[in-house]
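From first to last, the protein sequence lines stand for chains A and B.
Per the working numbering, the very first residue in the first sequence carries number 1; after that it's consecutive.
Per the working numbering, the very first residue in the second sequence carries number 1; after that it's consecutive.
To spell it out: a stretch of chain B is covered by chain A in this simulated footprint if at least three of its residues, at any positions, have a beta carbon under 8 Å from a beta carbon of chain A; those stretches are: (1) 150 to 158; (2) 328 to 334.
The calculated BS3-like cross-link candidates involving lysine-lysine, where the alpha carbons are at most 27 Å apart (straight line), are: (3) A:Lys264 <-> B:Lys217; (4) B:Lys132 <-> A:Lys247; (5) B:Lys232 <-> A:Lys272; (6) A:Lys252 <-> B:Lys32; (7) B:Lys277 <-> B:Lys217; (8) B:Lys86 <-> A:Lys252; (9) A:Lys247 <-> B:Lys86; (10) A:Lys272 <-> B:Lys277; (11) B:Lys232 <-> A:Lys163; (12) A:Lys176 <-> A:Lys156; (13) A:Lys53 <-> A:Lys111; (14) B:Lys277 <-> B:Lys211; (15) B:Lys335 <-> A:Lys281; (16) A:Lys247 <-> B:Lys89; (17) A:Lys254 <-> B:Lys89; (18) A:Lys252 <-> B:Lys135; (19) A:Lys252 <-> B:Lys34; (20) B:Lys34 <-> B:Lys174; (21) B:Lys329 <-> A:Lys272; (22) B:Lys329 <-> A:Lys264; (23) B:Lys32 <-> B:Lys175; (24) B:Lys86 <-> B:Lys34; (25) B:Lys32 <-> B:Lys135; (26) A:Lys281 <-> B:Lys236; (27) A:Lys281 <-> B:Lys332; (28) A:Lys196 <-> A:Lys4; (29) B:Lys32 <-> A:Lys254; (30) A:Lys159 <-> A:Lys176; (31) B:Lys332 <-> A:Lys267; (32) B:Lys60 <-> B:Lys175.
These are calculated hints, taken from the structure and not from any lab test.
Cβ atoms here follow ideal geometry from the backbone N, Cα and C, with glycine treated the same way.
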Amino acid sequence: MSLKIVVLAKQVPDTRNVGKDAMKADGTVNRAALPAIYNPEDLNALEQALRLKDRFEGSTVTIVTMGPGRAAEIIRESLYRGADNGYLLTDRAFAGSDTLATSYALSCAIKNLPEVDVIVCGRQAIDGDTAQVGPQVAEKLGLPQITYAEEILDVKDGKITVKRRLERGVEVVEGKLPILITVNGSAPDCRPRHAKLVMKYHHAKTVTERQEQNDDYMFMFDKRPYLNITEWSVNDIQTDVNWLGLKGSPTKVKAIENVVFQAKESKRLAGKDSEIDELMKELIANHTIG
Amino acid sequence: MNNIIVYLEIEEGVVADVSLELLTKARSLASKLKCKLEALAIGSQLDGIGAQVFQYGVDKLYLADDARLYPYTSLPHTSVLVNLFKEEKPQIALMGATSIGRDLGPRVSSALFSGLTADCTALEIGDHEDKKEGKSYTDLLYQIRPAFGGNIVATIINPECRPQMATVREGVMKKEIFDANYKGEVVNLEVAKYVSDSDFVVSVIERHMEKSKSNLKSSPIIVAGGYGMGSKENFKLLEELASVLGGEVGASRAAVDAGFAEHDMQIGQTGVTVRPKLYIACGISGQIQHIAGMQESSIIIAINNDENAPINAISDYVITANVEDVVPKMIKYYKQNSK
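For reference, chain A alone in the conformation it holds in the complex:
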């Protein structure tokens, strides 16, 4: 049995390591100060997909990502780790999309693929932390979903068994294929890049990237079709533009504020024995402790 697996992955700004210069004076995000990375839980999802590929011979792993041109990096990174091919969904028409419009666009792209047995994606992306796109893509495609997956245990007779990690427990559930699965950060880490695959796919590029870089390897793209990363605009997938971008987004951002906390007048201590004793004495005396 072979499986057609799709991984939805996103390139995100690394919000976990936000430095002091990450916010501009006007309260907007200084994207240039944040490195763009592979959304961490999408890497956990990729690993689950690759494990299925290892297990069921003839299976393929296809990456679908939506974003600006530089998001092609996500597809290359996936190819280095064992994915077979990738599609970059990029168009100005997608700009301003909320989770629902994003899910609509992704679902249209998936419908444009020949056939799909399993769709896996990270539970959530670290720039929004909403965990909405997975279930919304599933709904748009009319597929069932299994969220918070920690491990895909088995696929047999058209059914998939998955272990879920919930806030207060564990569940093992079984669902029918085709299905969408969102993967938790508690799932195994993604395997590293494979040196041979890095060599193989180092020059994989989208059409736009090829036009931008007039390098000496142009001749290869005809000889080695696997180096072509497919780029799709709205015109390449069947979409209704009313469902995309700001127009297709029921939620609107009314206001954005920088977070400012009320500073307190703090007492500074150097950690000397006498200081700690004094502090503890005070806390006991005012019944904060004890």
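Given the coordinates of chain A, work out where chain B should sit on it, guided by the hints.
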């Protein structure tokens, strides 16, 4: 029609705290909007639910009672919400930002094409003017949430689509009984009208649920550790201090991500919100997303090597020293001097 509806999360016949917290918030929103507060329970053997929720000011309680609806699975619960919302057209729908609410909410919002805002930290009613379209809206739900790793706070609105949907994490809102004698109406839904057999495509084979080990939310004293603790072993020192003082141990997201502490110990925007009498932050630099979850603590002590750590600004006492040096001193003094 046009009411507020809260999805009740139920485990073994008990309504989850997060749902009661939402009912409390929704009650005040309903009074402001002069509409009714409704609650929806989906599961099996729901007779006891009314007694648990009416006192929070619920005017109408919908029950979808069917053995197949417990434990929770995505599609059947989605169908109940989607079909009931089509009939009742609520203006606002709220649910917990739990592994259930975050599985269910997006699916429902997609089916109804209504906006959903995840993990709100505040919900308010307000107006909006769209100057570009020349339209004005009154009494919208302001869904306020942190974004971008907590570095900004965004106010989200859904001007056109209903219901306006939002999820809220446990512990963010306060739970408060509205009127112990409040009585609402019970409406039993005919499940077969809302759920089709084809919705049961995912089945739960095994299930191990634990009561939360951590009592962070209700503990008056919290000793929290951050990435600066350096290892899981070093957290033992914090456990010792917490146990001596009669408190609980919490952690920052960075410490949880690094594997030093368990997930249910996480304090902050993406974890639990706490308001203890005393908060001792050890090796925590104080990223905004952490501070947002503990800034309402009465007394904050920061123990950190970095004299410029952001957490120092909001702390009452700043001890610039090694945690490993300071904490044993605290334990020693307390053991010697407390009764």
